[in-house]
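> These protein sequences, in sequence, are chains A and B. The UniProt record's numbering puts the first sequence at residues 1 to 271. The UniProt record's numbering puts the second sequence at residues 1 to 98.
Rather than coming from a laboratory, the hints here were simulated on the basis of the structure. We put the beta carbon where it would ideally sit given N, CA and C, even for glycine. A hint or two may mislead.
Derived coverage of chain A by chain B (criterion: at least 3 residues anywhere in the stretch with Cβ under 8 Å from a Cβ of chain B; other residues may be distant) [said to hold, decoys possible]:
id: 1; region: 156 to 164
id: 2; region: 183 to 194
With beta-carbon atoms standing in for the labels, derived distance ranges [as the list claims (entries may be wrong)]:
id: 3; chain 1: A; residue 1: Asp108; chain 2: B; residue 2: Ala13; range: 49 to 55 Å
id: 4; chain 1: A; residue 1: Glu201; chain 2: B; residue 2: Ile73; range: 24 to 30 Å
id: 5; chain 1: A; residue 1: Asn185; chain 2: B; residue 2: Leu39; range: 24 to 30 Å
id: 6; chain 1: B; residue 1: Glu20; chain 2: A; residue 2: Ala190; range: 18 to 24 Å
id: 7; chain 1: A; residue 1: Gly43; chain 2: B; residue 2: Pro81; range: 47 to 53 Å
id: 8; chain 1: B; residue 1: Arg43; chain 2: A; residue 2: Asp82; range: 54 to 60 Å
As a plain string of letters, each chain reads:
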Amino acid sequence: MTAEIIVVTSGKGGVGKTTTSASLATGLAMAGKKTAVIDFDVGLRNLDLIMGCERRVVYDFVNVVHGEATLKQSLIKDKRYDNLYVLAASQTRDKDALTMEGVEKVLDGLSAEGFEYVVCDSPAGIEKGAHLAMYFADHAVVVVNPEVSSVRDSDRILGLLASKTRRAEKGETPVTQHLLLTRYNPARVAIGEMLSVKDVEEILGIEVVGVIPESENVLTASNNGIPVIVDANSQAGQAYGDTVARILGEERPLRFIDVPRKGFLQRVFGG
Amino acid sequence: MGILDFLKRKPEATATVARERLRIIVAQERSTRGAPDYLPMMRNELLEVIKKYVHVDLDAININFERDSGHEILELSVTLPEGKQAAKGENKDEARTG
Chain A
1 MTAEIIVVTS
11 GKGGVGKTTT
21 SASLATGLAM
31 AGKKTAVIDF
41 DVGLRNLDLI
51 MGCERRVVYD
61 FVNVVHGEAT
71 LKQSLIKDKR
81 YDNLYVLAAS
91 QTRDKDALTM
101 EGVEKVLDGL
111 SAEGFEYVVC
121 DSPAGIEKGA
131 HLAMYFADHA
141 VVVVNPEVSS
151 VRDSDRILGL
161 LASKTRRAEK
171 GETPVTQHLL
181 LTRYNPARVA
191 IGEMLSVKDV
201 EEILGIEVVG
211 VIPESENVLT
221 ASNNGIPVIV
231 DANSQAGQAY
241 GDTVARILGE
251 ERPLRFIDVP
261 RKGFLQRVFG
271 G
Chain B
1 MGILDFLKRK
11 PEATATVARE
21 RLRIIVAQER
31 STRGAPDYLP
41 MMRNELLEVI
51 KKYVHVDLDA
61 ININFERDSG
71 HEILELSVTL
81 PEGKQAAKGE
91 NKDEARTG
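Just chain A, same shape as in the assembly:
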């Protein structure tokens, strides 16, 4: 059986790729899928922190690519979910340490180990690391913020997914594109200060697979090294839950995209 490969990418940095990769991988594991999540950001390892396994990294992705460690030695088993594993990026090597053949070898190895999903956390930019992260993908989650530079960069990434991936080069069914709008603030959208879901969908010509509201819980989760999807009480966690369900083919309405209704007194006096 071949693992489904999902790249989480954006072009622009700081939009929530790693937060999304961690929650997506955890969500897939919560749904019972054997899942691995790989950090492609060689030199700037961060997924391990967000997943809360930074002190358990012994071998990394580059060690496997270069045959210095086996896949089994390098995969870090998640503390919460038995079927979830993390493959950390190298912190000491430079970004040329990854090769196309090496990445393919690792992905094939994961399929052989019975993994159903592999989530590839792409570095920012459109250079080699980002190219390798998207090259073998079956699905892409393009993370975008409702902000001009992020929207423009994501359009560029959508173009690359349609031309610079294995599926595109071999003329196979194109990479399935999922647009994920993060850091959404419905109150600012309501007063015309922020691009709306509809605006972003119209500009990019693609529907969103989810909308993650801007939430203090995201920072709390990363402080604690627990993917925000685990926090079932937070809106961001629930929105990620919905997103994973949609990627797995379930239909769910969008939530948390409107300003909560206020009572009469709140409306008169503010707050």
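Keeping the supplied structure of chain A fixed, place chain B upon it in accordance with the hints.
This is chain B only, laid out in the frame that chain A set:
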């Protein structure tokens, strides 16, 4: 929104400005996506040649690149200014190469 917020509120909706700017730049970048790297340079050189005869600015040259199955179309349109300089007939010329 409370009374104080209402009084302090600025009428300008910047999201509308962002949307319109993005519509234009995304459409422009898509039209040249996958096109050869020399396109922007060629556009500038063409502009220099055209400028010898007519006064036009960079925005007047529009390059569109399309890839159909098997062949590529490079579409170039130059909008000439209205008035004396463009008095000879049409004010829009189109050149197509296959």
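> Of all the hints given earlier, name the ones this structure violates by number, lowest first.
5
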